[in-house]
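For reference, the chains in residue letters:
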Amino acid sequence: MKDWTTRWIGLSGLPPDWPEWAQVSIFVVVLFSVVILPVCGIMLYVERKIGADLQARVGPNRAGPSGLAQPLADTLKLLQKDVLPGGFGQTVWLVIHAITVFATLVGLPVGSALLLLDTDISAFIPFTGTLALSFGVMLLGLNHGSPSGRFGALRTVAQALAGFFPALLCLLYVGMWAGGFSWSAILLAQGASPVAWMAFSSPFGFMAFVVFVISGLVMLGLPPLDGCGSMSDLRGGVSASIQGRRLVFYRVTRFYAFFMWTLVAVTMFLGGAALPDGGAEAIIRFASTRILAMIEMAVLVFKTAALMICIQIIARVTPRIRSDQVTDFSLKVLSPFALVALAGAALWIGRGWLS
Amino acid sequence: MNNSLFSKVVEYWRGVYRGVKSVLGSCVTALPYLFNIRSGDLRKEVTEQYPDPISSRTADDLPPRTRGLLFNDIEKCTGCRECERVCPARCITVDAEPEADPAKMWVSVFDIDFSRCVFCGLCVETCQPASLAHTRQYEGAVYMLPDLVASFGRGHVTAEQREKWDAWRKTKEAEEAGV
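If you read the protein sequences in the order shown, they are chains A and B. Per the numbering used here: the first sequence = residues 1 to 355. Per the numbering used here: the second sequence = residues 356 to 534.
These aren't lab readings, by the way, just hints derived from the structure by calculation. Since the model is a prediction, treat every value here as computed from it, not as a measurement. Ideal Cβ positions, reconstructed from N, Cα and C, are used throughout, including at glycine. Just so you know, not all the hints are guaranteed correct.
As the list claims (entries may be wrong) - Listed next, with one range per pair, are the computed distances between beta-carbon atoms:
1. 383(B) to 91(A): 42 to 50 Å
2. 121(A) to 366(B): 36 to 44 Å
3. 387(B) to 68(A): 19 to 27 Å
4. 426(B) to 64(A): 38 to 46 Å
Said to hold, decoys possible - With a straight-line cut-off of 27 Å between C-alpha atoms, the simulated DSS-like cross-links for lysine-lysine are:
5. 525(B) to 303(A)
6. 49(A) to 376(B)
7. 431(B) to 525(B)
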């Protein structure tokens, strides 16, 4: 543990004589509340404004200048509500989601200077996190105690399992191409220019990129493939039984999962936080490692936000399809394409075209 | 032929092509809205911020055949109950009794329940004395449901008033008989 924590604890600026667990916890909490939560609020606002523009509406315009404080107002409104006791299932759900959020946060690739957890299986951590999130949502739906909650729970898990297979194939593609599943290996295989990105280095890469992003939507049940949680026959579905602070947490974790998936897609296929050649060394020489970490994080968040906005535009203009159609689509269309991409990558590398 | 492997593969690819084409097509349709490229009325933002800025849409701007809230000119109303009969929502309640002049009717109750009214305009079309008409008033929000009932009636005739009218009629009849 010492090896991979010392590097970024030094960057956090905390007193080095504090116990290691305290530094790790504080750093993760600070990262969550300084980076994830503001990005969550801003992106929710941007999504609503884009949706309004696409539908020739105005969108949020009351709270603050042109509705900028709307996410804050929503959160404050939900926070002041009384929370009804939710039973054992909701407690388990809360624990699972909290653990998933904070555990996967450590495994995120936030740039070369701030690679928190860089092991040989780092790229698998978001996958397990996503599966754990859908497991928590399943418990939440089963805890609801109504047919709509139960069906929502089963559909959530069905979609997670259906989307898991093509996503895993795309991950294998990346691992095969980069020669490893650690973030540093994946980042090393790509460069700053778009041609060097995994998604544009070969036609199979682009195929794998598209399949990976779509299968993430399938796994997490995000629009427009959110048939597991939003169909009209579910009447609110799995989230119908939670309110107040828990609803805030539910929304934030769903958004966080979307953010995490997009960030992983950016890292694996769109070059991650790669700066132009020699840029990182120059920044370390003339400024400091902390500045480099901040710049890389900004680049990464910018790319992630751009990809998220693209996904949201497509989601806004595409009609929602049923949950069984989603699983069907995932298994019959996404999986073959992912397999073709994987086989193509194997041929490509086997024939030695990579070098 | 339809069950052959080849046709299934063709059908599969056609489905994939249609899916990609429909998603891209809807993106292309929607993107001008995103950047507010306005060509023609259909692409203009039509949402108005309703209560706050006094909207450009005043009562005078409304089309000539606007069906706003109903108004009954009780002086002209004959109490024939045609509107009550024709109303599909049964929102009009009329009660009429003989006036001092028995040939006319005293419309004591004329209630329109706007919570049930569908603003179809049948009552206005059928109104012979043209006392019932649509106004250009369209803001009918109230705080309590009973406030949506508009009463145009003159109120029930009291017993004293009835006696006065009877006396007046008798004197009039006596005058006419005397003449």
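**Unsatisfied constraints (hint numbers, rising)** = Checked against the structure, the only hint that fails is number 5, while the rest are satisfied.
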